[in-house]
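Colleague: The residues making up each chain are set out below.
Protein chains: 2
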Amino acid sequence: MTASAPRSDAPVAVICGGGVLPAEVLEAAQAAGRKVFAIAIKGEASEALDRFRPVSLGWGQIGKLFDTMKKAGCRDVVLIGGVSRRPDFRSVAGDLGTLRRLPRIVAALKGGDDSLLVKVIGIFEDEGFRVIGAHEIAPSLLAGSGVIAGAQPDGDALRDMRLARQAVEALGRLDIGQAAVALGGRVIAVEGAEGTDAMLGRCAELRRNGRVNAKGRAGVLVKRAKPGQDLRADLPAIGPNTVEAAAAAGLAGIALEAGCVFIAEREATLAAARGKGLFLHGFEGEIDGG
Amino acid sequence: MTASAPRSDAPVAVICGGGVLPAEVLEAAQAAGRKVFAIAIKGEASEALDRFRPVSLGWGQIGKLFDTMKKAGCRDVVLIGGVSRRPDFRSVAGDLGTLRRLPRIVAALKGGDDSLLVKVIGIFEDEGFRVIGAHEIAPSLLAGSGVIAGAQPDGDALRDMRLARQAVEALGRLDIGQAAVALGGRVIAVEGAEGTDAMLGRCAELRRNGRVNAKGRAGVLVKRAKPGQDLRADLPAIGPNTVEAAAAAGLAGIALEAGCVFIAEREATLAAARGKGLFLHGFEGEIDGG
Chain A
1 MTASAPRSDA PVAVICGGGV LPAEVLEAAQ AAGRKVFAIA IKGEASEALD
51 RFRPVSLGWG QIGKLFDTMK KAGCRDVVLI GGVSRRPDFR SVAGDLGTLR
101 RLPRIVAALK GGDDSLLVKV IGIFEDEGFR VIGAHEIAPS LLAGSGVIAG
151 AQPDGDALRD MRLARQAVEA LGRLDIGQAA VALGGRVIAV EGAEGTDAML
201 GRCAELRRNG RVNAKGRAGV LVKRAKPGQD LRADLPAIGP NTVEAAAAAG
251 LAGIALEAGC VFIAEREATL AAARGKGLFL HGFEGEIDGG
Chain B
1 MTASAPRSDA PVAVICGGGV LPAEVLEAAQ AAGRKVFAIA IKGEASEALD
51 RFRPVSLGWG QIGKLFDTMK KAGCRDVVLI GGVSRRPDFR SVAGDLGTLR
101 RLPRIVAALK GGDDSLLVKV IGIFEDEGFR VIGAHEIAPS LLAGSGVIAG
151 AQPDGDALRD MRLARQAVEA LGRLDIGQAA VALGGRVIAV EGAEGTDAML
201 GRCAELRRNG RVNAKGRAGV LVKRAKPGQD LRADLPAIGP NTVEAAAAAG
251 LAGIALEAGC VFIAEREATL AAARGKGLFL HGFEGEIDGG
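From first to last, the protein sequence lines stand for chains A and B. Residue numbers for the first sequence follow the working numbering, so the first one is 1 and each next one is one higher. Residue numbers for the second sequence follow the working numbering, so the first one is 1 and each next one is one higher.
It cannot be assumed that every hint is accurate.
When chains are identical, the list treats them as one kind, so a pair holds in a single copy or across two.
Taking lysine-lysine and the DSSO-like style, the derived pairs with C-alpha atoms no more than 30 Å apart in a straight line are [claimed, not checked]:
| # | residue 1 | residue 2 |
| --- | --- | --- |
| 1 | K276 | K35 |
| 2 | K71 | K35 |
| 3 | K119 | K215 |
| 4 | K42 | K215 |
| 5 | K119 | K70 |
| 6 | K119 | K64 |
| 7 | K35 | K119 |
| 8 | K35 | K64 |
| 9 | K42 | K64 |
| 10 | K276 | K64 |
| 11 | K215 | K70 |
| 12 | K70 | K276 |
| 13 | K35 | K70 |
| 14 | K71 | K215 |
| 15 | K276 | K119 |
| 16 | K42 | K71 |
None of these hints come from the bench; they were simulated from the model. None of the values given here were measured: they were computed from a predicted structure.
Assemble the whole structure, with the sequences as input and the hints as a guide.
Modeller: Listed below in structure tokens is the structure:
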């Protein structure tokens, strides 16, 4: 048996960064009858993974990573969870497997987030692994279509959804961000490297300082995959924090691309939306009405 | 003589919002031999205008504004300077001329900044005025082409300039913002309603918290007009604050669209760039090299 020949009961290797999603993905995959082999990235992965008995590896242990996955009989690999900062491999004393791959990894670190992760996938594939999306082993975490929580969006909200969606699409084509906020028929904030929660904090500030005027809950956060984005590399996600930050910005709701955005801590996220009076809505293709 | 028939020595009406630019435009226009008639927007215009003996008018005095300009024999009108918040005409006790035009003004306040100001221009034109750009009466304030201050941008800077310029172009088509920052071959921040200085503050924060890694001065702020933007309505501008904020974000330099961006307080702005070791560069059309 070679490393790349999957056994029928071969576990999927789940390489886990930070946040709550890795544990949720592991759990949803197990619930769907899939065997999992958890690998925790040192300094990033949460303790909530402990019950999956993960192997813990640092950035300098790329050689050991591949050996471990091969020994465990894994062929399929999932990458999930956040990495709080771009790792600086030049400051890490790596194992031989890391050093051998270093030129390619360093090259991958130049360019947008998307190209970085797509290059990482290429490195795994060169080793004989098949990188699959977290949504393929845990589809129950994905946003669906239509009303997810709260009310149906009204005409103003649909108009703002369309505008923000258009902005995210334009930016996504340039590998920039996955989210934007429109309010009152105008895009007021666009996500760059700061992330969605920080962008929402900015929207709250814009309303506080009067640069954006609106009465009551108004405006929509749209989060979607970049056009042509490889969902194996970077699946957009929201959670209770996103809802809290959107509520603090006074938004009317959040619109997610159906089938392309994870909802972390689903019960808590939906409860937060209902509690704050925000809608959560899934859209596919064009947004009609408004 | 009708109000719309210009006398050969007719003054140009310069309607002044906040900031230092209105006084600079008035001075540059006078230096170029043009007669000016300054109108200060109450609560926005700076005291630096006093030496131009402005007429001071509030948001509720649109009727008086038009009467005053006609009596002064103005046909050409320039709009210049910032408005710190979207005026809420509904809360202003207006004169009859304001009330008559209110439905149109309120309609103008919906939609992006660009469409707002373009509609304002339409209101002036309906009254028989000709709205011209501040750059037409004060071209000496515009960014030129090539090196404006500091060194020639290197290959990395040219690559980042190209990327940020592309992002601003995509956003500008959607009437969103006029500026973006790229660093290390990646667009890290895009301007929405928060303005350029706030966006630069965000870039400084991204570097402080390690979400963006770079050694030494790196990255470029690009500021340009939106494609098809009516420069009479909203001319992009930078000043010493922009340079200070770019320096605080650790950027290598600032690139401006030649002939389409004002440099306020030119001496201070160029001196700040030289002092901080940033380049100021003007580009036309495509950015080559890098």
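Colleague: If a hint holds in the structure, say so; if it does not, say that too.
Modeller: Hint by hint, here is what the structure shows:
1. K276 - K35: Result: close neither inside a copy nor across copies, 38 Å intra and 57 Å inter.
2. K71 - K35: within (15 Å within a copy, 84 Å between copies)
3. K119 - K215: between (46 Å within a copy, 23 Å between copies)
4. K42 - K215: between (46 Å within a copy, 25 Å between copies)
5. K119 - K70: So K119 and K70 pass the 30 Å test inside one copy only (20 Å; across, 65 Å).
6. K119 - K64: within (19 Å within a copy, 64 Å between copies)
7. K35 - K119: within (26 Å within a copy, 62 Å between copies)
8. K35 - K64: So K35 and K64 pass the 30 Å test inside one copy only (21 Å; across, 77 Å).
9. K42 - K64: Answer is within; shortest intra-copy Cα gap is 13 Å, inter-copy 69 Å.
10. K276 - K64: Close neither inside one copy (47 Å) nor across copies (46 Å); limit 30 Å.
11. K215 - K70: neither (58 Å within a copy, 37 Å between copies)
12. K70 - K276: neither (47 Å within a copy, 53 Å between copies)
13. K35 - K70: within (15 Å within a copy, 81 Å between copies)
14. K71 - K215: For K71 and K215, neither the intra-copy (60 Å) nor the inter-copy (39 Å) Cα distance is at most 30 Å.
15. K276 - K119: Result: close neither inside a copy nor across copies, 40 Å intra and 36 Å inter.
16. K42 - K71: For K42 and K71, only the intra-copy Cα distance (20 Å) is at most 30 Å; the inter-copy one is 75 Å.
When the structure is compared with the earlier hints, violations turn up for hints 1, 10, 11, 12, 14, 15 and for no others.
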